[in-house]
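Undergrad: Read off the chains here:
There are 2 protein chains.
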Amino acid sequence: MDKLIFILTFVGALLALLFAFAMSRKVLKFSEGTDLMKKISLAIRKGADAYLKRQYKIVLIFFGVMFVVLSVMAIFKLLTPYVPFAFVTGGFFSALSGFIGMKIATLANARTANACRDGLNKGLRIAFSAGSVMGFTVVGLGLLDISVWFFLLKFVFNLSPEGITGAMLTFGMGASSMALFARVGGGIFTKAADVGADLVGKVEAGIPEDDPRNPAVIADNVGDNVGDVAGMGADLYESYVGSIISASALGVAAFHSINAMALPLLLAAVGVVCSIFGTFFVRTKEGATQKQLLSALSRGTNFSAIAIAIIALPLIYFILKDNWTIYFAILAGLVAGVLIGKATEYYTSDGFKPTQNLAATSETGTATIIIGGLSVGMLSTMMPIIIISICVLVAFFVSNGAANAAQGLYGIGLSAVGMLSTLGITLATDAYGPVADNAGGIAQMAGLEEDVRNRTDALDSLGNTTAATGKGFAIGSAALTALALMASYIDKINSIEGGAAKIADLSITNPTVLTGLFIGACLPFVFAAITMNSVGRAAQSVVKEVRRQFKEITGLMDGKAEADYASCVDLCTKASLREMILPTIIAVVVPVIVGLSIGPTGVVGMLAGATASGFLMAIFMSNSGGAWDNAKKYIESGVHGGKGSENHKSAVVGDTVGDPFKDTSGPAINILIKLLSMVSIVFAALVVNFSIL
Amino acid sequence: MDKLIFILTFVGALLALLFAFAMSRKVLKFSEGTDLMKKISLAIRKGADAYLKRQYKIVLIFFGVMFVVLSVMAIFKLLTPYVPFAFVTGGFFSALSGFIGMKIATLANARTANACRDGLNKGLRIAFSAGSVMGFTVVGLGLLDISVWFFLLKFVFNLSPEGITGAMLTFGMGASSMALFARVGGGIFTKAADVGADLVGKVEAGIPEDDPRNPAVIADNVGDNVGDVAGMGADLYESYVGSIISASALGVAAFHSINAMALPLLLAAVGVVCSIFGTFFVRTKEGATQKQLLSALSRGTNFSAIAIAIIALPLIYFILKDNWTIYFAILAGLVAGVLIGKATEYYTSDGFKPTQNLAATSETGTATIIIGGLSVGMLSTMMPIIIISICVLVAFFVSNGAANAAQGLYGIGLSAVGMLSTLGITLATDAYGPVADNAGGIAQMAGLEEDVRNRTDALDSLGNTTAATGKGFAIGSAALTALALMASYIDKINSIEGGAAKIADLSITNPTVLTGLFIGACLPFVFAAITMNSVGRAAQSVVKEVRRQFKEITGLMDGKAEADYASCVDLCTKASLREMILPTIIAVVVPVIVGLSIGPTGVVGMLAGATASGFLMAIFMSNSGGAWDNAKKYIESGVHGGKGSENHKSAVVGDTVGDPFKDTSGPAINILIKLLSMVSIVFAALVVNFSIL
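Residue numbers (this note's numbering), protein chains in the order written: chain P, 1 to 693; chain B, 694 to 1386.
Note that these hints are calculated values from the structure, not bench results. Take these hints with a grain of salt, some might be off.
[As the list claims (entries may be wrong)] Calculated pairs, BS3-like style, for lysine-lysine (alpha carbon to alpha carbon, straight line, at most 27 Å):
(1) P:K353 to B:K1237
(2) B:K1342 to P:K551
(3) B:K1342 to P:K649
(4) P:K643 to B:K1342
(5) P:K649 to B:K1326
(6) B:K1046 to P:K574
(7) P:K544 to B:K1336
(8) B:K1267 to P:K353
[Stated by the list, open to error] FRET-style restraints, in silico, Cβ to Cβ:
(9) P:F352 to B:P901: 56 to 62 Å
(10) P:V65 to B:S1330: 45 to 51 Å
(11) B:F850 to P:F352: 40 to 46 Å
(12) B:V1282 to P:P314: 43 to 49 Å
(13) P:K643 to B:E897: 49 to 55 Å
(14) P:G555 to B:G1335: 34 to 40 Å
(15) B:G856 to P:V69: 55 to 61 Å
(16) B:V1282 to P:Q356: 27 to 33 Å
All figures in this text were calculated on a predicted structure; none of them were measured in a lab. A virtual CB, placed ideally from N, CA and C, is assigned to each residue, including glycine.
With the hints as extra help, turn the sequences into a complete structure.
TA: Okay, structure coming up:
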């Protein structure tokens, strides 16, 4: 069995990586188009590369310091010696996922634009293939990391199942830290450039979006790649790996068997195969409507989801025998992911009442559309909370949780794995969005024909809808994984000498649990505030630079002189890298401080509070932002006065407020809640030995 | 001892009511000024009376229905027979507190304006006396209700201490329901009128605030009274009573003695005396600066707080003997209230960096000041969370909680009582604000001299600062009281046959606790969304009516014809009463549904989640609103372009968004979190007998 697990997971990893490689070859075969298009694409690629290089330098310092800290702790027997290395590999693979995803995205943007000159279907295929490279790289590297570590721990160091999952849990912290850097840094970059470009270009100078005269236009396109692609890649790598290893650890705690440990790995490996088959269903005919485009993508994801749902049943029966009802936990996770995506779509798509009504509030001015957008976001938390609550209860009780709580918690962990099992393809449909967005920018800047631009617009607009679904999975799986990690944390404390006594009273009326809950619930608020402020500060510096260039570069507005794009890219890079440090440090330091002051029960309270309030804040901010964005687009389609009207101006303010909401603070909170658990687990022994309470 | 408790509490109640009566006599001795001032004041009074009458009619239906429901439950032995009656008296006294407060406020507004013609000190004295009437009516009626019920239950029905507190807990639900109606209805009224008057009057027609040509101007002033006065009165009545009876119940559970039950009552009675003495310290000299005015008010509250802190020590030693260290729990509550008020002031006063920096963000437009205000509010949750967490831990551990959890919980309950013990005077300084605000409006409308208006402005602006302190107490005590009520709920369930088994596992990893936590944490978000939407809808109807009057009434803008003020008042009344029903029903129905579906453990989770997230949301929304308001005033003082500049317009948008934040949704959440617990307690037996899980 042990070898089978290793082989199957390793094969799954290889399949995913091979498929990603094949897809990238396919993308690269196409032409980048005209010289101007090549030049623009190169500028974007260079900017993105430069950003990542400098980001990695800073991250390297962080990882170096943490490696030393963890090594010292290992020397003092507060950690096993594998932890510092596991931490580094997690970070490395997370970064690599983001890097490869961004690389292919910046190589595919001009090619997608050029392909749209030939037809819609060709454009869709290239953008989607680029998205697939990203999706399958993430799952491939995730499984590779897991299988290699499994091999080492099992066959080289001969650890028990408990030992294996214990060590593996810790590389999640490396992945999470890297993901937070990537999400926060990239999120600040992309929104600072976006807001800066819009405020001066669109509002003050009155030139259209993606106009080459705007000095921040390249920075804006670079931002799409470093934020929406590299950030998302690192983020979902971390979700994927985190959900698998936390479920494995809970499986070992529940059944003390290698089989229960293996199930999440095998599910993931099977999910890779289902996802690969799913990608072949994504194609559309020329002149396809928005609806047909969407159903082309949905066909792929639906096929994969149904396939895994069918295959999982015999797989689980084979592995867990009498406990096969855990199957329904996986099914609950899959269904919950889809439903949260649907709820997100309902609240943020202009095809439904909430966003249409939001657009109507622009009639009475800016204040009312702001109030309206905030309240849409807050209200939209209700359905996802109910869905995730039902999912948790179902997962727990079908897994025999009433009689054996450990098995129930394993069920909750597996539901997260179920939700993410088809990540290869769901991420492909998600990552395809920024590629299409960039293609649109290049088409505009390179002055391509009207109907090419229309095709890229159609692809781009579709990306907004698939992004909603992607967010459903990201947020839902984050909450479930965080709960699973919380359970793993408790197991971890119990396994440490003297830990059991310190964590005996987890009752919610215990004041340390309660105050932990309060502090944890506060963290997403503080985190959102800090990241929003960062975007504000960075955007202001971009605004000043763009204003300066408009004033000082003569002939810029007449198209006779070229803007200094590089200086805006440089500015965004510096600002975002400076601003990403504080949030990450908070996320790493707070669990340790809470643990050392109010003890392990306080930490559990903190994790529960952060998960609940983080889930709510992430949905609230993402959906408010999405609703404002689409309300603006809805007005641009000609209702309520259309483009250029006072109502439209109000909607643009809403959209600008929504930018850091949905693309910086909201997604970063998803990572925060998992990173808090990971850090808590790694520092568990320190806390047990030295906490005050 | 029994009789002593009754007598002292009853005497405390009488003292407070007598003092309130004396203060009202004093206020009424002054003249209302010119005929025009009398006429305006009468119009405001009539509007407010008409609103309350119609509000009470709707509330009466609700109370009637609930009385029948509770009676039926009592017949089926799911409640004791006192409960339906206790429920009604709680509601009645809560309403009466709001009514009397509003009555005196509407009688004092013109008198304050007129007194300001003679001098600042005279104006301050009248406005503060009116505030005192409100403050001492609230505490007087609260203690009266408590002492009369104590008398009945103890000496007429001969109940045990457990029986007494069990029955008394339930009149909290009546008070909370009434408070929620008053806060939500009043909050919607005041902000709909305010936003409506501003959007059309200030922004579209370009006439100043409180201009008599604006048809919504009377409605705006009525709103200050029905929202900020009547709403606040009912709200704090409920906080006061809720904190005392929940602490009493926890005292009985911890010590099984009448002494422990009596302590909160006696503390409250002593607090009344200290507060009365404190009011004599509030006076200032003519031409006092803002700082001197503030220190005049602070002298009063500080004296009362220090007096109660000193007297409480021997009192507790006399009553609890060896357990006298609980004294520090009370002290922790007092200090926490003050500190949260200071933190609120720091984040919302334009004397400090956060609001000054917020004003500066207006330089880059509306979007940045919105983002800035939201992030100030979110960030401002950090200090209060830390303060309340420390307060909870201190209260628990100094009360011997480590050895005996019940005593620790009693300590937490007492810290809330400590925080609210000087409510008489803190509420007086808080309720004084709307009176000064109204006086300013009347001075403007009646065309009084420039320097009179300057004096009312000075008083009004001071009200913003005292309101911040008042909010600190309201939010802090709400969180502590909610925690105490949660503990009371658990005791209640344990006391019901079959209840103990259903609530045995309160561990935070129990999935029913967890899902309850998720649902509870979501409620404040949903609640905020609904109430904000309500304000938006109501404001839109006011906007339309004001626009209609400007168009149809010829000569209105030249001052030749009079506006139809009554129609705006009527519109606000109808809209706010319609909109207040849904939120209250949600607050009453959700705990029952949660209880019946996932059982008592789910309810406890829900209460903890709602308390944590409600505390955060209330602070976030109140402080964002306060910061926007003061950033606007700061710009009006001449910085960043001053009044009328583009920056000022952006700040006005921020202020308008902040209006429902700080005066409708934020304060309503405070009541929500307590009402949820009260409802849960009343329906405990139903849940134990019929819940699914």
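Undergrad: Looking only at beta-carbon atoms, does the pair V1282 of chain B, P314 of chain P fall within the given range of 43 to 49 Å?
TA: With Cβ atoms ~44 Å apart, the hint holds.
Undergrad: For K649 of chain P and K1326 of chain B, compute the direct alpha-carbon distance and say whether it is at most 27 Å.
TA: It holds: about 25 Å lies between the C-alpha atoms, which stays within 27 Å.
Undergrad: Does the structure keep K1342 of chain B and K649 of chain P at a Cα separation of 27 Å or less?
TA: Holds - the C-alpha atoms of K649 of chain P and K1342 of chain B are around 14 Å apart, at most 27 Å.
Undergrad: Is the gap between the beta carbons of V1282 of chain B and Q356 of chain P within 27 to 33 Å?
TA: Once the Cβ atoms are compared, 29 Å apart, the range 27 to 33 Å for Q356 of chain P and V1282 of chain B holds.
Undergrad: For the pair supplied as a hint, K353 of chain P and K1237 of chain B, confirm whether the alpha-carbon distance does not exceed 27 Å.
TA: Holds: K353 of chain P and K1237 of chain B sit about 23 Å apart, inside 27 Å.
Undergrad: Quick one: are G555 of chain P and G1335 of chain B within 34 to 40 Å, going by C-beta?
TA: Holds, at about 37 Å.
Undergrad: Check the following: the C-beta atoms of K643 of chain P and E897 of chain B are separated by a distance inside 49 to 55 Å.
TA: At 23 Å between Cβs, range violated.
Undergrad: Compare the distance between the alpha carbons of K643 of chain P and K1342 of chain B with 27 Å, and conclude whether the hinted pair is satisfied.
TA: holds (22 Å)
Undergrad: Take a quick look at whether K544 of chain P and K1336 of chain B sit within 27 Å of each other, Cα to Cα.
TA: Given that 27 Å is the threshold and the Cα spacing comes to 24 Å, the pair holds.
Undergrad: Taking the beta carbons of F850 of chain B and F352 of chain P, is their distance inside 40 to 46 Å?
TA: With Cβ atoms ~57 Å apart, the hint is violated.
Undergrad: Would you say the C-beta atoms of G856 of chain B and V69 of chain P sit inside 55 to 61 Å of each other?
TA: holds (58 Å)
Undergrad: Can you confirm whether the C-alpha distance between K1267 of chain B and K353 of chain P stays at or below 27 Å?
TA: At roughly 25 Å apart (the allowed maximum being 27 Å), K353 of chain P and K1267 of chain B satisfy the hint.
Figure legend: structure checked against the earlier numbered hints; hints not met, in rising order: 9, 11, 13.
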